[in-house]
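Read off the chains here:
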Amino acid sequence: MGTELFEILRKNKEKVLQLWLQAQQTETEFSNNFNTADELRAQSAEFVDLLLSTIDESNIQDFSPPGLESLTDYISSLTISRARQGFSPRETATYIFTLKDALLQVLSEQAGTDPMQLYKASMQLSKFVDNIGILSFETFITGREDVISQQSDEMAELSTPVIRVWNGILAMPIIGTLDSARTQVVMENLLQGIVDTGSSIAILDISGVPAVDSLVAQHLIKTVNATRLMGAECIISGIRPEIAQTVVHLGIDLSQMITKATLESALKFAFNSLQLEVRRIQKDKAN
Amino acid sequence: MITLLMAMIRESLAIQHERDLVYCRNRVKEVAVKMGMGIVNQTKLITATSEIARNMLIYGGGGIVRLEVIIRGKQEGIQLVFEDKGPGIADIQKAMQDGFTTGRTLGMGLPGAKRLVNEFAIQSTLGQGTTVKILKWKNG
Ligand SMILES: Nc1ncnc2c1ncn2[C@@H]1O[C@H](COP(=O)(O)OP(=O)(O)O)[C@@H](O)[C@H]1O
Ligand SMILES: [Mg+2]
Chain A
1 MGTELFEILR
11 KNKEKVLQLW
21 LQAQQTETEF
31 SNNFNTADEL
41 RAQSAEFVDL
51 LLSTIDESNI
61 QDFSPPGLES
71 LTDYISSLTI
81 SRARQGFSPR
91 ETATYIFTLK
101 DALLQVLSEQ
111 AGTDPMQLYK
121 ASMQLSKFVD
131 NIGILSFETF
141 ITGREDVISQ
151 QSDEMAELST
161 PVIRVWNGIL
171 AMPIIGTLDS
181 ARTQVVMENL
191 LQGIVDTGSS
201 IAILDISGVP
211 AVDSLVAQHL
221 IKTVNATRLM
231 GAECIISGIR
241 PEIAQTVVHL
251 GIDLSQMITK
261 ATLESALKFA
271 FNSLQLEVRR
281 IQKDKAN
Chain B
1 MITLLMAMIR
11 ESLAIQHERD
21 LVYCRNRVKE
31 VAVKMGMGIV
41 NQTKLITATS
51 EIARNMLIYG
61 GGGIVRLEVI
71 IRGKQEGIQL
81 VFEDKGPGIA
91 DIQKAMQDGF
101 TTGRTLGMGL
111 PGAKRLVNEF
121 AIQSTLGQGT
131 TVKILKWKNG
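Sequence order for the protein chains is A and B. Residue 88 in this note's numbering sits at position 88 of the first sequence, and the numbers go up by one each step. Residue 27 in this note's numbering sits at position 27 of the second sequence, and the numbers go up by one each step.
Source of the hints: derived by calculation from the structure; they are not laboratory data. Don't be surprised by glycine CBs; every beta carbon is placed ideally from N, CA and C. Watch out, some of these pointers could steer you wrong.
From chain A, some residues computed to sit far from chain B (all C-beta separations above 10 Å) [what the hints assert, rightly or not]: (1) GLN25; (2) GLN43; (3) GLU69; (4) THR139; (5) GLN150; (6) GLU242; (7) GLN245.
Quick list of in silico lysine-lysine cross-link-like pairs, BS3-like style, CA-CA up to 27 Å [what the hints assert, rightly or not]: (8) LYS85(B) <-> LYS29(B); (9) LYS127(A) <-> LYS13(A); (10) LYS29(B) <-> LYS133(B); (11) LYS114(B) <-> LYS222(A); (12) LYS260(A) <-> LYS29(B); (13) LYS268(A) <-> LYS222(A); (14) LYS127(A) <-> LYS100(A); (15) LYS133(B) <-> LYS114(B); (16) LYS94(B) <-> LYS222(A).
If we strip away everything but chain A, and leave its shape as in the complex, we get (with noise of 0.2 Å):
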């Protein structure tokens, strides 16, 4: 794209910007946003600005940095803030491409006669405004990952209560898979119990936990260890059949453990040590 097809853009680049606001009217079907006409436009313009001081000969061919970071960054925070605003990815996107419908119909208007010209310029461009909506797009997704990432952060500290079932004797219900991050969380948890409550007992409850492979196998001898080192005794509990019979053919020791099908008879075994004894009251059948 010759530089006189750029300087043709950027002087009119009221009339792209009429253009494109014209085309974000068509293309808007309900205005379901809180933005006003004013705001858009400001907003448009200061875009259609950017683009046509940033785009050049060598940039239109390769769309990538140094001299982009300007407009990329631009892009990225205009997708973010539109996104919090509550447009829909296809509202941004058609935002976008619709500027490409202004630009190209401005250049087809003022570029002159010659179409090998027009139609590789065209192309150039097209190419331009597409890969600024694919960054939007990108940019999208990522913002959506560092929330899904940051969710279930949150929700491997949720998942992970401690519960004092008794004086001296505290349990933790594992759902879920217990991988290498939410060990951590667990582990942390079930210590700083012990500690705030004078705990001797802990018992880790892994009936929800899926399958026990030789990282999560370790993961669990690591936390009894830890447990043992603080004074208490951490009992395993939820060890279904099919659980126990994998991790032995694992090759997996856990019999330096004391490890419990259920938490019921975890439990037991803890009222058991701390000399505790759960009985029915016999009521006197003589009144």
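For chain A, the structure is supplied; the task is to place chain B with the ligands on it using the hints.
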């Protein structure tokens, strides 16, 4: 009919993040349940999958898992091929020994996985990558 539909299951799953392991295990479980595999065999297969897929992620820099339902005569099973383009394994015999690890884990993944499935094959070329193939029969 169900067998026919099952026979068409053939898919690839990329392993690039920890969360891909979770998806991979869940998908294997789903197929195993659909096939009617018993809970013990299901658990064994999922555990073996977890071991090898994690190795691929940790040591192989990620890779791909190909899941396929296999029918051989009257037997029905699930085959998984794990392929990475990582550094490869220098000494497979050593790697297959109980307790051997170049990391700080238990070293039970490969030998353990082998004991959990019906067929196990491993192939590795230094500098080119590692491929592990496992098969678990529904009633195996
Ligand atoms: N996909 C792989 N690529 C490279 N090396 C591997 C791969 N899988 C396993 N290994 C090697 O084999 C060793 C044994 O693996 P494994 O039995 O799973 O035990 P662990 O994972 O506890 O080390 C690993 O420590 C590693 O050196
Ligand atoms: Mg391993």
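Hints, verified against the model:
No beta-carbon of chain B is positioned within 10 Å of the beta-carbon of GLN25(A); the least distance is around 42 Å. Distance check for GLN43(A) against chain B: the nearest CB is about 36 Å away, which clears 10 Å, and the non-interface claim stands. Even its closest Cβ contact with chain B, about 28 Å, leaves GLU69(A) beyond 10 Å, as expected for a residue assigned away from the interface. The claim that THR139(A) is not at the interface with chain B holds, since no C-beta of that chain comes within 10 Å of its own (minimum 20 Å).
The Cβ of GLN150(A) sits about 13 Å from the closest Cβ of chain B, beyond the 10 Å cut-off, so the non-interface label holds. Listed as outside the interface, GLU242(A) is inconsistent with that label: its C-beta sits roughly 4 Å from the nearest C-beta of chain B, within the 10 Å cut-off. At roughly 6 Å, the least C-beta separation between GLN245(A) and chain B is not larger than 10 Å, which violates its mark as non-interface. Between LYS85(B) and LYS29(B) the CA atoms are separated by roughly 26 Å; this keeps the pair inside 27 Å, and the hint holds.
With a CA separation close to 20 Å, the supplied pair LYS127(A) and LYS13(A) stays within the 27 Å bound. Taking the CA atoms of LYS29(B) and LYS133(B), the gap is about 17 Å. The hint holds against a cut of 27 Å. Restraint check: the Cα-Cα separation between LYS114(B) and LYS222(A) comes to about 25 Å, which is no more than 27 Å; the hinted pair holds. With a CA separation close to 25 Å, the supplied pair LYS260(A) and LYS29(B) stays within the 27 Å bound.
Restraint check: the Cα-Cα separation between LYS268(A) and LYS222(A) comes to about 24 Å, which is no more than 27 Å; the hinted pair holds. For the hint linking LYS127(A) to LYS100(A), the alpha-carbon distance of about 9 Å falls within 27 Å, and the restraint holds. Straight-line distance between C-alpha atoms of LYS133(B) and LYS114(B) comes to about 10 Å, which keeps the hinted pair within the 27 Å bound. Taken as a hint, the LYS94(B) and LYS222(A) pair is honoured in the structure, with Cα atoms around 25 Å apart against an allowance of 27 Å.
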